[in-house]
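Colleague: Protein chains in written order, with the UniProt record's numbering: chain A, 1 to 390; chain Z, 1 to 390.
The hints are simulated quantities; they were obtained by calculation from the structure and are not laboratory data.
Pulled a few chain A residues facing chain Z out of the computed Cβ check, cut under 10 Å:
hint, residue
1, W93
2, S99
3, T128
4, P215
Note that the Cβ used here is the ideal one computed from N, Cα and C, for glycine as well.
Number of protein chains: 2
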Amino acid sequence: MPEVAPKRGFEIAEYETRLSAAQYLMARHGFDGMLLLSEPEIRYFSGFQTLFWQSPTRPWFLFLPAEGKPIAVIPEIGAALMRRTWVDDIRSWSAPAPSDDGISLLIDLLTPYSKRGATIGILKGHETGLRMPLGDYERLISGLPGLKIGDATDIIRSLRMVKSEAEIEKIAHICRVASRTFDKAGKLFFEGQPLSEVFRAFRMACLSEGADDVPYLVGGADQGGYNDVISPPTDRPLQRGDILMLDTGSVFDGYFCDFDRNFAIGKADELSQKAYEVLYHATEAGLDAARPGVTCRELFSAMQDVISTFDKESGDVGRLGHGLGMQLTEWPSHAAFDETVLKEDMVITLEPSLSYGSGRIMVHEENIVIRDGTPRLLSKRAVPELPVIG
Amino acid sequence: MPEVAPKRGFEIAEYETRLSAAQYLMARHGFDGMLLLSEPEIRYFSGFQTLFWQSPTRPWFLFLPAEGKPIAVIPEIGAALMRRTWVDDIRSWSAPAPSDDGISLLIDLLTPYSKRGATIGILKGHETGLRMPLGDYERLISGLPGLKIGDATDIIRSLRMVKSEAEIEKIAHICRVASRTFDKAGKLFFEGQPLSEVFRAFRMACLSEGADDVPYLVGGADQGGYNDVISPPTDRPLQRGDILMLDTGSVFDGYFCDFDRNFAIGKADELSQKAYEVLYHATEAGLDAARPGVTCRELFSAMQDVISTFDKESGDVGRLGHGLGMQLTEWPSHAAFDETVLKEDMVITLEPSLSYGSGRIMVHEENIVIRDGTPRLLSKRAVPELPVIG
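Use the sequences and the hints to build the structure in full.
Modeller: Right, dumping it as structure tokens:
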């Protein structure tokens, strides 16, 4: 690890800023509180960070009142860790407890709100889910007959889309780590290597470069281009003439990079070279268009205009990039449906893709921060021509 | 990798068996279909396996009719991969599409059910969540006014708790991989090594031994015992007299191991040695009790009886083990509330824990399969006395 990693965690001031911004928006939306259930949101407002979320057994709750600090209602197994955050009011129960997994604690907390007919925001919108049993949610709501439930997705979305400098530095760090790993592709990958071993070699190298983890790694390799971008690897050995793509979501201190690289093994066919150049230029068009005040639809169009010179039908991946941060993919989407206006300090991917040849697809991806003027590249820019390795 | 890994994937016969077992139980519960939204359930019935689920952007749906094969309603980006499974009927849309993310496709599919007042099962119970926007779920339900919704948790739970031999071999394999990695602890970990580097060394070694990934790795280290078992690592260097614990959920072909190991760095204090021995014997008691026909409550008591000879209050982790397989933790729970009767071919963890000293905790964990007679150990049994390394 040739560089010093950013400091882990955040200053309390950062949580205070997040909370007051949320409370300002809650007031504007007429919400008397927000009940959060999901990992990124609970971490965003409390600093509570653990891989324990991978266990689906226990629900976790963080309540943001209209004024004052967050209140945690969590399983006892997490109380010690939560006490190390800036949250003071921690209410816990011995979980799992299928007959009452935090529900009566929540009803105690929210009954005063229910009695005065208050409105509480929860996440109900696009790119969210309900991380608790639906049956428990229905019981909770029916136990709070006066409570009105609103959708807080717009509030959370608008807050989380714009990153602080401390957040940007974490993403920049993991982007550098993954960029250094991709720079070693010529040493890591070789003809005859099973794709599963390509993945393993990438994971180990990326950890060695400083990633905390490499939770997301997908890709493909096949003659004259790959045909799928979300599969786990097979044991098929790399062959001369393969186009190899690896797309990684590696993590540092709970923040993701998300970008890919393409390589030709031994030699590159002309059509793949051409596809690569089109995507390189589509990304350039994206870099030129990505400015504060531009909409995601416009950014999408700037890239799509280049892609359509080569691929009339275009692929059907639904979008050409997205937000990035605590999750591998976040709001917004660079797509025709998304009128989100880009703002300074949004961290996004540019991810143009196309179909070509006989059912082949190609995807490029870079990670950037929107700045006043040209965006800052967080990933090390891919080379302009399809690199040949192995 | 000194051993041949099991074949990836499953024979189609395995999916046919899972489906007919589900349809038999659906008929008994009066369900005319089941609508599944979550990664493990969709994978269980279709074989659809991808890390792409880490992106929260798109919902995915698999419908199991009362008769006939599953029907996939999924984003177009996953259609190529789904076509490689045994599922024939694949309905896709260009996602994300916030205004209609699969909802009209689902309404088309389910309207005949709604018209005849049929009952559809979805997961609403313990250890489940709703992996789609709650707002979309509410729109779906209101678009199907005649449809009755039942809770399918008991059906899915009873199916998934009992593993096939092919599933057991995948879990056994990743348990061997992680066991070999723990066997190298004396070479991997040393005094002065920051805990974050301990984690990194474990991850790289476990990948090198044959894990596809090490998505879950938690632990702690401190003088005379650790005090938290779910935190990410700090940069604190290992010190002589530390007790180090690492708990890993490593993965092969979509199946988890989940066990931990404890080590003393340089020297072991007497109290930690004693705690270790108590937990070793509690695990022995668990191994002696884990038989078909025994309830999880009884298994819990067998371990708790040993623990309470040392720790009167016991910890508050809520249970002393759980199911294991496609997820890091699955039903059932070894806890006083769980009357689940153990059956042959259930894969479970035995995870006794205790509190001791000044706020210290210790956890042991092994992975086993319930058999007719003594259970089969999948993890290599921990040594009887706290090992000293470094």
